[in-house]
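Which chain is which? The protein sequence lines are A and B, in order. Quick note, the first sequence lines up with residues 69 to 204 if you use the working numbering. Quick note, the second sequence lines up with residues 69 to 204 if you use the working numbering.
Treat the hints as calculated values from the structure; they're not laboratory data. Treat each hint with caution, since some may be false.
The list cannot tell twin chains apart, which means a pair is met if one copy fits it or any two copies do.
Think about it this way: if two alpha-carbon atoms lie no more than 20 angstroms apart in a straight line, the pair counts; the simulated EDC-like pairs of lysine to aspartate or glutamate are [unchecked claim]:
(1) K135 <-> E187
(2) K189 <-> E110
(3) K190 <-> D162
(4) K200 <-> E78
(5) K135 <-> E173
(6) K135 <-> D154
(7) K200 <-> D146
(8) K200 <-> E129
(9) K189 <-> E78
Bear in mind that the values here come from a model prediction, so they are computed numbers and not experimental data.
Protein chains: 2
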Amino acid sequence: MTRQLSPTDEPVRLMVCTTCRAPGMPSDDPARPGARLHAALEDRLARDPDLAGRIAIEPVECLSVCKRPCTVAVSGPDRWTYVYGDLDAEHSADTILAGIGLYAETADGIVPWRQRPTEFKKGVVARIPPMKTGDA
Amino acid sequence: MTRQLSPTDEPVRLMVCTTCRAPGMPSDDPARPGARLHAALEDRLARDPDLAGRIAIEPVECLSVCKRPCTVAVSGPDRWTYVYGDLDAEHSADTILAGIGLYAETADGIVPWRQRPTEFKKGVVARIPPMKTGDA
Numbered sequence: 069m070t071r072q073l074s075p076t077d078e079p080v081r082l083m084v085c086t087t088c089r090a091p092g093m094p095s096d097d098p099a100r101p102g103a104r105l106h107a108a109l110e111d112r113l114a115r116d117p118d119l120a121g122r123i124a125i126e127p128v129e130c131l132s133v134c135k136r137p138c139t140v141a142v143s144g145p146d147r148w149t150y151v152y153g154d155l156d157a158e159h160s161a162d163t164i165l166a167g168i169g170l171y172a173e174t175a176d177g178i179v180p181w182r183q184r185p186t187e188f189k190k191g192v193v194a195r196i197p198p199m200k201t202g203d204a
Numbered sequence: 069m070t071r072q073l074s075p076t077d078e079p080v081r082l083m084v085c086t087t088c089r090a091p092g093m094p095s096d097d098p099a100r101p102g103a104r105l106h107a108a109l110e111d112r113l114a115r116d117p118d119l120a121g122r123i124a125i126e127p128v129e130c131l132s133v134c135k136r137p138c139t140v141a142v143s144g145p146d147r148w149t150y151v152y153g154d155l156d157a158e159h160s161a162d163t164i165l166a167g168i169g170l171y172a173e174t175a176d177g178i179v180p181w182r183q184r185p186t187e188f189k190k191g192v193v194a195r196i197p198p199m200k201t202g203d204a
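Isolated chain A, as found in the complex:
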């Protein structure tokens, strides 16, 4: 199928909760799954120059989805914002970047359901509409 062109050259924001931790893990453990997922995403993105120009990874201290680690959120100009949970620190990075790559190619952030990674279908925590046209 023909992919939509991005309406803007501005990268989308992929926010990664670095404080997400497994149930029972000590809060002072530096190897939190969220931090490991963030590192894995940075590593994978650095190896893909095309995708790296379209996604800006941003570490965040707590997205307040503490019961469903690991967690990411994605937003972009004129697009719906999505929050995803239940992601795996070790195995989700490639899937996340593929899904966010599809998001970056949409005008409104809504990727057709069938194209969404299973992890995104099952892990959606919330979505938030973009500002209306004419808003600040």
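Based on these hints, arrange chain B on the given structure of chain A.
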């Protein structure tokens, strides 16, 4: 205590999911709890001219928090965005508006924990950081 002044005259956005429904409720029932909550919020806000100038209510078809009805989200310039669930269509409107009023008075959207309504403390679904200064 002295309240912070709002950093901007622009109202904050209170997005209300109008499609939220109770478990087992028929999907074609027009009296969805989300729609009733939206109506209650509009009604209460219309009676409070001061608050009405600081909060703009926006109905949304699905915030994708379907397991925790009713649901709202709040965002504003330079502020963290918050999503709240488990809200009651009949009894939460005043509490929501009071909580969002406090949010509107902050510069960054972060209301001190002790001031937050219990419904917000227990019902937080996610939070998303504002764009960094200098971003679009």
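To see whether the hints hold, each was checked on the structure:
1. K135 <-> E187: The answer is both: 16 angstroms in one copy and 17 angstroms across copies each meet 20 angstroms.
2. K189 <-> E110: Close neither inside one copy (23 angstroms) nor across copies (32 angstroms); limit 20 angstroms.
3. K190 <-> D162: within (17 angstroms within a copy, 33 angstroms between copies)
4. K200 <-> E78: both (18 angstroms within a copy, 14 angstroms between copies)
5. K135 <-> E173: So K135 and E173 fail the 20 angstroms test inside a copy (30 angstroms) and across (29 angstroms) alike.
6. K135 <-> D154: both (9 angstroms within a copy, 15 angstroms between copies)
7. K200 <-> D146: Answer is both; intra-copy 8 angstroms and inter-copy 17 angstroms each pass.
8. K200 <-> E129: between (28 angstroms within a copy, 14 angstroms between copies)
9. K189 <-> E78: For K189 and E78, the Cα distance exceeds 20 angstroms both inside one copy (26 angstroms) and across copies (35 angstroms).
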